[in-house]
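2 protein chains.
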Amino acid sequence: MKISWSAYDTSATNFRPLVVIELAKDIKDETKEWLTQKIVEKKKNGGAQLLVKPLVEDGEKIEGNHNIYLVGASPLRLLLGAETVGLVKECNDNTMRAFTYTTRKAFKDFAEDNHDFLTMAECQYVIKHELENLRAKDENMIPGYPQAKLYPGKSIIRRLITNGILIQIFPLHDTEELKKLKHTWCGQVKVRYQPLDEIRCYFGETIAVYFAFLEYFTLALVPMAVIGIPYYFFDWEDYDKYVMLAAFNLLWSTIILEVWKRCCAVMAYRWGTLLMKRQFEEPRPGFHGVLGINPVTGREEPVYSSFKRQLRIYLVSLPFVCLCLYLSLHIMMIYFNLEHQAYLYHEENQSELSSLMLYVPSIIYAVVIEILNRIYRYAAEFLTSWENHRLESSHQNHLVLKVLVFNFLNCFASLFYIAFVLFDMKLLRQSLATLLITSQILNQFVEAVLPYWLQKRRTKSVKKKVKALDIDTDLSLLEQVNLEKGMDTYLGTFDDYLELFLQFGYVSLFSCVYPLAAVFAVLNNITEIYSDALKMCSIFKRPFSEPTANIGVWQLAFQTMTVISVVTNCVLIGMSPQVNALFPDSKMELILIVVLAEHLIIAMKFLMAFVIPDKPRDIQIKLARLEFESLEALKQQTSLVRWPVRFDSTCSE
Amino acid sequence: MKISWSAYDTSATNFRPLVVIELAKDIKDETKEWLTQKIVEKKKNGGAQLLVKPLVEDGEKIEGNHNIYLVGASPLRLLLGAETVGLVKECNDNTMRAFTYTTRKAFKDFAEDNHDFLTMAECQYVIKHELENLRAKDENMIPGYPQAKLYPGKSIIRRLITNGILIQIFPLHDTEELKKLKHTWCGQVKVRYQPLDEIRCYFGETIAVYFAFLEYFTLALVPMAVIGIPYYFFDWEDYDKYVMLAAFNLLWSTIILEVWKRCCAVMAYRWGTLLMKRQFEEPRPGFHGVLGINPVTGREEPVYSSFKRQLRIYLVSLPFVCLCLYLSLHIMMIYFNLEHQAYLYHEENQSELSSLMLYVPSIIYAVVIEILNRIYRYAAEFLTSWENHRLESSHQNHLVLKVLVFNFLNCFASLFYIAFVLFDMKLLRQSLATLLITSQILNQFVEAVLPYWLQKRRTKSVKKKVKALDIDTDLSLLEQVNLEKGMDTYLGTFDDYLELFLQFGYVSLFSCVYPLAAVFAVLNNITEIYSDALKMCSIFKRPFSEPTANIGVWQLAFQTMTVISVVTNCVLIGMSPQVNALFPDSKMELILIVVLAEHLIIAMKFLMAFVIPDKPRDIQIKLARLEFESLEALKQQTSLVRWPVRFDSTCSE
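Which chain is which? The protein sequence lines are L and Y, in order.
Residues in the first sequence are numbered from 136 upward in steps of one, following the numbering used here.
Residues in the second sequence are numbered from 136 upward in steps of one, following the numbering used here.
Don't take each hint at face value.
Identical chains share a label here; the pair holds if one copy fits it or two copies do between them.
Subject to a maximum C-alpha distance of 27 Å in a straight line, what follows is the list of computed BS3-like cross-link-like pairs (lysine-lysine) [claimed, not checked]:
id	residue 1	residue 2
1	K272	K757
2	K750	K443
3	K412	K750
4	K314	K670
5	K315	K224
6	K396	K412
Think of the hints as simulated: they come from the structure by calculation, not from any bench.
On a predicted model such as this, the values are computed, not experimentally measured, just so you know.
The whole structure should be built from the sequences, with the hints applied where relevant.
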């Protein structure tokens with residue numbers, strides 16, 4: 136049964152484990168053999184041509200799962216894989232180019248014996264890509280599992296995952312590197328920029344871009360916070376000056392979002408993802424349908440009618456979301472009602488019990504909202520899965536949209552109600568402060584402190600267990616794999632961005648009422664950077680690196696928020712008693728002026744977004760140069776190869 | 136001196152003249168010789184490898200310019216040129232693919248002896264491209280013209296044009312084809328679709344897209360017109376129903392613009408331009424600067440600091456445009472003042488003279504506006520040239536923006552003033568009708584009838600002249616070239632689109648006041664199609680075909696107009712006495728409701744633009760398939776060519 140290691144590679148000592156595959160405990164032997172065979176098989180025979188090694192040899196008697204495999208690859212294989220996935224690296228002349236094995240000598244730091252040319256994260260990305268592209272040829276099922284159907288071109292790994300044969304597949308941490316990174320990133324209590332390049336090397340671009348955005352956003356909030364502080368200390372109620380503040384905030388928030396695009400482009404260029412060609416997207420693992428012909432690829436694969444999906448979206452998901460929004464609003468109204476009654480009760484009785492009763496509605500509301508939020512999140516995930524999107528990206532977009540709308544309403548509806556129905560600015564300021572501060576504290580606790588403590592406990596128990604074994608395998612690796620496979624999986628940047636998005640809402644929507652929001656946001660984000668960093672380094676399994684060039688749909692979400700905030704701020708200013716005092720006779724004139732100002736500001740925002748180029752000039756030039764070079768190369772090819780041979784010989788005779 | 140024709144091609148009888156080059160009358164002989172030599176020279180020696188022939192041989196004694204050359208090319212040369220410019224043609228399997236000479240057999244209607252595989256317009260486009268890409272190698276001046284400097288890589292034709300040595304270069308009409316096209320297009324007075332595919336074959340995509348848009352737009356206006364008619368006949372003053380009409384118009388105008396994108400994508404796919412790769416753009420002919428290194432191409436060419444250009448734009452052009460706008464508004468105010476005084480004078484005197492005096496201000500205003508318009512147009516062109524844009528496209532965009540803003544104000548400022556300052560709906564309706572109808576009649580006259588009559592006269596005189604010669608050259612060709620070189624040059628679709636844009640403004644901005652506008656627009660557009668077609672077929676030189684996939688910046692302009700029209704229509708409805716009567720007590724409530732409705736409609740517009748995909752599903756699939764194929768081909772290349780050879784030999788030994 137045991138496949139000897141030497142069959143794959145003559146230099147087993149050179150083997151560097153990169154990725155861990157955990158198979159089900161009860162997996163059949165024939166399946167195991169078939170899969171490992173597939174992984175090591177030559178590329179031309181339909182294999183992945185990687186190296187694979189069981190974590191514990193069959194002979195050893197160790198507790199726990201024996202079906203864990205380590206996957207690696209020879210350095211040459213990794214270089215060729217890097218070409219396949221289209222990695223972009225820096226050349227000796229400081230330009231970024233897609234790596235190809237033929238031109239490898241032109242790349243910076245490349246040497247045949249330099250195995251650090253590709254970072255570990257890049258190697259793991261290559262291996263993940265190769266494993267996912269391990270496709271069925273003529274097998275029509277997974278050996279040993281007749282119910283796990285295969286068809287030509289079906290990704291084997293994805294089928295194994297959907298059938299529960301493969302439990303998980305994750306990249307290994309590099310304990311040395313991680314230690315170093317952790318030290319520079321969150322080891323010192325010292326104000327400094329994050330080591331973004333190192334983060335990107337270790338965790339990949341998606342996570343690095345998130346931390347870059349978090350840092351950028353925090354820095355961008357500082358001017359708002361600085362301007363907000365004197366408002367707090369000196370003239371709390373002076374709306375005239377708030378107008379200035381609000382105007383500044385509105386323009387500033389537009390500018391920072393536009394400038395972010397440019398900063399992000401510079402960064403993505405440096406990291407090579409700006410130039411990376413989009414890979415052809417596979418159907419997502421959960422996608423199902425009748426076997427048919429994909430019109431794009433011409434391959435046989437599950438096909439699901441787009442019309443049916445539209446029906447599900449517009450007839451089920453959309454009404455459901457609307458219903459939930461309505462329910463949430465309804466609950467909010469009940470809350471305001473309860474609070475009002477509690478207030479009346481307190482007015483009447485004036486006892487200690489009644490003053491305690493004042494807090495009851497808020498507590499009930501907070502709890503109910505939290506429960507509703509969680510139920511809704513599950514429902515949204517279920518519905519989006521049920522909509523059966525073919526691509527992961529469109530699945531994600533629909534999920535983000537659903538969750539975003541609901542969270543927006545949940546967080547801000549009560550504030551909108553207080554501001555525009557009750558017209559109670561004092562209550563608005565108070566609620567805003569309470570909501571902002573409590574949500575920040577709660578988040579920090581739930582997100583970082585609690586998991587960190589849990590992880591510490593888990594580490595101890597694993598260490599104890601492994602030590603108790605006392606055998607002669609590479610103990611540190613065994614310990615590491617066992618530890619990491621139990622760690623939580625990082626579920627992507629969604630929740631982190633959502634948190635930032637809501638915070639941005641608190642800061643910008645009612646900025647002219649509560650200028651201190653920016654201060655709290657800055658303070659929160661500074662600790663957020665540390666706690667998120669800690670989370671990434673200590674709590675989660677290492678995530679696979681994912682190339683990305685921007686923050687994607689979030690850019691749009693943030694920009695939409697700035698447009699909404701123009702409206703709310705204009706209305707708030709128009710409603711302020713100070714501004715109203717300026718127009719004692721004609722409320723109409725006031726409203727018209729406010730509406731006009733709002734339109735002008737929004738027009739200016741769109742104009743600014745249009746005028747400010749998305750990429751800085753030097754990046755534009757670099758991209759244009761690459762395009763020009765490829766066009767020239769094409770022309771050269773045509774004129775040098777074809778012209779003298781074919782054209783001249785037929786034409787000039 | 137005379138270069139014998141047979142030196143270029145053995146089969147002079149096969150020579151089909153495609154493009155005419157007219158050189159200056161006093162051009163030096165050495166320059167003529169050098170240029171013709173360049174044109175026929177082999178590609179590998181830096182020539183264009185085309186065929187060239189003087190229109191009249193040197194020996195013949197004919198009046199007029201003897202320096203006119205006809206340019207053609209062998210069929211094979213044209214095919215290879217088509218590959219160079221990246222033409223996209225239909226394959227035998229009904230997909231669209233970039234034409235390559237190697238894969239020529241796969242294309243529909245291709246046969247070695249079928250010289251109609253490329254349309255004449257395509258051949259002319261290829262020749263234009265090849266001529267423009269005739270570049271200096273080591274010459275540092277045009278022979279015979281030391282002041283006409285050259286540097287390696289400089290386009291020779293562009294240098295000749297800027298120095299006035301080359302007067303013009305234009306493609307020849309195909310009289311047979313033109314006759315046929317003219318007959319089906321505008322020969323019959325019969326309601327039918329335009330022969331867009333034939334128009335595209337003859338005139339190229341840019342012009343065909345304009346006519347397609349004109350037709351689409353006219354059809355799209357029909358529902359508005361149909362709904363508008365009963366409003367005119369039954370209840371002229373009933374604003375309640377105008378609300379319905381306005382709401383319909385607002386949604387409809389958004390929908391038609393979104394649907395147009397889809398229709399245009401279908402058309403552009405069929406014509407191959409959707410898939411055509413953008414060529415690397417050369418500096419425009421008028422661009423000048425200090426000789427430096429272009430950072431993109433690395434070539435020596437004139438370089439002009441982008442900072443200086445920005446300064447010129449923001450410190451000179453922008454203030455100038457603002458000044459002109461202010462001036463235009465000022466003149467408008469004077470006009471209203473004059474009109475008011477004329478009215479008062481008439482009230483006082485009540486004589487015939489005084490009633491005539493009523494028309495004087497309008498006439499003065501119309502004349503002044505027209506003069507101002509023309510001056511402004513020259514100024515805008517001068518300023519945009521002076522801004523010294525490197526690319527034709529950016530030059531065009533800046534020119535369009537300048538002219539658009541000014542024309543918008545000129546046309547609509549008086550209407551805005553009447554509507555939102557004077558609040559005179561009756562006058563608004565009247566002015567709108569007058570402006571719309573007179574501008575349409577004037578346009579049709581100036582654009583088509585007048586030039587048509589002039590061209591008729593010119594044709595007669597040329598025919599007379601040529602007949603008087605009585606020599607044995609190919610008379611019909613001589614006549615044709617002489618006739619066509621004197622024809623007006625078609626200056627692009629700018630003015631035609633501008634006209635449509637302003638018409639769209641008349642229809643949509645105040646649609647709830649004057650529903651009949653759409654009816655007039657439809658009627659005008661039907662005659663416009665015929666007059667524009669006549670113009671293209673009979674008045675102008677044939678223009679070079681220019682591939683394009685959409686209406687470019689005009690899509691944005693039309694969409695902006697729909698947003699503005701939401702605002703104006705909402706305000707008009709809010710101001711109507713009927714709606715005001717619904718809110719007798721609270722004007723504030725009314726305004727708030729109107730503002731809310733406006734925001735909702737605009738939000739819905741953006742949502743609709745977001746939700747409706749820009750390309751129909753089948754086009755998306757076709758594009759995705761092509762992308763997939765090219766990715767697959769790349770993979771095949773990697774795995775088939777490289778893997779077995781390089782990888783296996785180094786790895787598995």
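Between copies, within a copy, both or neither: which fits K412 and K750 at Cα up to 27 Å?
-> both (18 Å within a copy, 21 Å between copies)
Within, between, both or neither: K750, K443 at alpha-carbon 27 Å | between (40 Å within a copy, 20 Å between copies)
Evaluate K314 and K670 at a C-alpha cut-off of 27 Å and name the case that applies: within, between, both or neither.
-> Classified as within: same-chain Cα gap 14 Å, cross-chain 76 Å, threshold 27 Å.
Alpha-carbon proximity between K396 and K412, which holds within one copy, between copies, both or neither at 27 Å | both (19 Å within a copy, 26 Å between copies)
Can you give me the call for K272 and K757, within, between, both or neither, at a CA distance of at most 27 Å?
-> Cα proximity of K272 and K757: across copies only (26 Å, versus 42 Å in one copy).
Which holds for K315 with K224 at a C-alpha limit of 27 Å: within a copy, between copies, both or neither?
-> Cα proximity of K315 and K224: one copy only (23 Å, versus 57 Å across).
Going down the numbered hints, you'll see the structure goes against none, and every one checks out.
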